[in-house]
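A.B. asks: Sequence:
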Amino acid sequence: MTEKTESAAAVTEESLVATCEGIARDYLAHRGYEVRTGDGWSCDCEDAPIVATDGDETVLIAVISAYEEGSARMPELNVGAAEFVIMRRACLLYLADHDDVDAIRHDVISIVVAGERQARLRHLIGAWHWADREE
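When we follow the UniProt record's numbering, the leftmost residue of the sequence shown carries the number 1, and every step to the right adds one.
Hints are computed from structural coordinates only; laboratory data are not their basis. Treat the hints with care, as some may be off.
FRET-style restraints, in silico, Cβ to Cβ [to be verified]: (1) D102 to R73: 35 to 43 Å; (2) A114 to L92: 34 to 42 Å; (3) E13 to E34: 27 to 35 Å; (4) Q118 to N78: 18 to 26 Å; (5) A131 to N78: 21 to 29 Å; (6) Q118 to E14: 17 to 25 Å; (7) S71 to A96: 24 to 32 Å; (8) D102 to I125: 12 to 20 Å; (9) N78 to D47: 17 to 25 Å; (10) L92 to G55: 25 to 33 Å; (11) A131 to S15: 36 to 44 Å; (12) R117 to R88: 33 to 41 Å; (13) D132 to E14: 31 to 39 Å; (14) I125 to G22: 16 to 24 Å.
Heads up, the beta-carbon is just placed ideally off N, CA and C, and yes, glycines get one too.
With the hints as extra help, turn the sequences into a complete structure.
C.D. replies: Have a look at this one:
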């Protein structure tokens, strides 16, 4: 039996994003997050393709996708000042639209797909965080 593998040229951006978002949803569910159904949440500054609940926190999750056939490298989690500002704004806009949310954070999941059924994932928890409670 031979296995068919997709070449980098055959992987479209759209299919890569859909695959990585599916991997991220499965990973989060396995970790105990309640992943909300639907297409995530969007505002003027960012799309958060996944919205989930982790305990009592609402979590907006950005997914970074890459395809590198045969690669062994770990996904990068480069979150700079500009990305931090965008995540903060997205969380605050989400809070403005959802008055039932008491705590929110923004996570980043980076995935490198290296071939058929081969991927590496890194999860940055709490790239930005806000809670309306006394610690």
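A.B. asks: How does the Cβ-Cβ distance of Q118 and E14 compare with 17 to 25 Å: does it lie in that range?
C.D. replies: Given a distance of about 20 Å, which is inside 17 to 25 Å, the answer is holds.
A.B. asks: A range of 33 to 41 Å was offered for this pair. Does it hold for the Cβ distance of R117 and R88?
C.D. replies: Given about 36 Å between the Cβ atoms, the range holds.
A.B. asks: Starting from the hint 34 to 42 Å, judge whether the C-beta atoms of A114 and L92 obey it.
C.D. replies: 36 Å, holds
A.B. asks: Could you tell me whether the CB distance from L92 to G55 stays inside 25 to 33 Å?
C.D. replies: 21 Å, violated
A.B. asks: Starting from the hint 17 to 25 Å, judge whether the C-beta atoms of N78 and D47 obey it.
C.D. replies: 18 Å, holds
A.B. asks: Regarding A131 and N78, is the given constraint of 21 to 29 Å on their beta-carbon distance met?
C.D. replies: 26 Å, holds
A.B. asks: If I claimed the Cβ atoms of E13 and E34 lie 27 to 35 Å apart, would that claim hold in this structure?
C.D. replies: Because 29 Å falls inside the window, the suggested range holds.
A.B. asks: Holds or violated: the 18 to 26 Å window for the beta-carbon distance between Q118 and N78?
C.D. replies: 22 Å, holds
A.B. asks: For the pair D102 and I125, does the Cβ-Cβ distance stay inside 12 to 20 Å?
C.D. replies: 18 Å, holds
A.B. asks: Determine whether the Cβ-Cβ distance between D132 and E14 falls within the hinted range of 31 to 39 Å.
C.D. replies: 38 Å, holds
A.B. asks: Taking 36 to 44 Å as the hint, is the beta-carbon distance of A131 and S15 inside that range?
C.D. replies: Since the Cβ atoms of A131 and S15 sit about 37 Å apart, the hinted range of 36 to 44 Å holds.
A.B. asks: Using the beta carbons of I125 and G22, state whether their distance is inside 16 to 24 Å or not.
C.D. replies: 20 Å, holds
The earlier numbered hints that this structure contradicts are 7 and 10.
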